[in-house]
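Residue numbers (this note's numbering), protein chains in the order written: chain D, 5 to 112; chain G, 89 to 224.
These are calculated hints, taken from the structure and not from any lab test. Predicted model, so just to flag it, every value in this text is computed and none were measured. Glycine is no exception: its CB is placed at the ideal position from the N, C-alpha and C atoms. Hints may contain errors.
[Unchecked claim] Derived DEER-like restraints, expressed as beta-carbon distance ranges: (1) Arg109(D) to Leu215(G): 25 to 35 angstroms; (2) Phe108(D) to Tyr134(G): 44 to 54 angstroms; (3) Ala180(G) to His8(D): 47 to 57 angstroms.
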Amino acid sequence: MERHWYYIGIAFFGTVNGLFNQDWVLIALIPMNILAPALLFGSVPLTLMFSSLMVSTATVILAGIPAAIYERFVGAKAASTDASLWIWLAGTGILALPAMGNFFRIGL
Amino acid sequence: MDGALRGPVLLRSQPQPSLRKPRRAAIVPLDRAPVVTGKALLTYWYFHLPNFVLAALMYTLLGRVLLALIVQPDSSNYIWRFFCRITDPVVAAVALVTPKDAAPVVVWLFGVVWLFWLRVGLLFLFLFLGLAPRLT
C-alpha cells in the first residue's frame, strides 16, 4: 500500500476522535479556559476548535508511541516500515473507537 | 439535518435556550477571566513555576515552528539559535516516541501538543491533590 494512504487513515481517525469524542474535548476545553484564557481571545468557538485540535493531535501522537517503539526494536534507520505504519494506523483506529458511535450517528 | 460542521457536538440535544434554566457557562468571558495576583503567585509557586516553564517551552516551540517559515534550518540568526537551543531537549525527547516518517516540523508541533497535555495533566494533578490555586 502507498504510504500516503496510511497518513490519510491516521489523519482521518485522529479527526474523528477530535470532533466526536466529547469526553476528551471537555477535558481539554476546561483547562484551556484556566491556563490561557486570553490566548484565543475568550472566544468559545475558537476554544472548542483548539480543544478539538489538541485531542486529534494527541490521538495521532499516542498511537505513534507503539509504532516508534517497534521501529527502535527492529532498528529502522531513516524511515518508518510498513509494519510500523500499520501499527500507527491501527492505534489511531483503536483510540478513535469511542468516538465512532457519535461519528456514525451524527455524521459529517 | 445534523452534522459536525453545524455546531459543537457538546451542545447537541439540549433544550432551547429560552426553555432552559440559566446555568453558569463553562467558558468564562475574557473580562471575567481569573486573574493571578502577585500574592497568589508566591503562595502557589509550586504550581506556577513548573506551569510557567512548560508554557515557556510550549510557546517557544510554537515560535520555532513559525520562525522556520522564514529562516533556513542552518541559519546563524541569534533568535533562531536561541529558540533551537531552548527547545532541542524537548524535540529530542518527542522524537524518541514519534515514528521516523514524521517530518521535523511535525515533531516540533507534536512537542507543542505534548507540552499542552503536560500542563493539563499538571493542573489536574494539583486539583486532585487539592493544591491548585483557587480561581477568584
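The hints, checked one at a time:
Checking the proposed 25 to 35 angstroms range against Arg109(D) and Leu215(G) shows it holds: the Cβ atoms sit about 32 angstroms from each other. A hinted range of 44 to 54 angstroms for the beta carbons of Phe108(D) and Tyr134(G) is consistent with their spacing of about 45 angstroms. Evaluation of the 47 to 57 angstroms hint for Ala180(G) and His8(D) yields a failure: the beta carbon distance comes to about 28 angstroms.
Figure legend: structure checked against the earlier numbered hints; the only hint not met is number 3.
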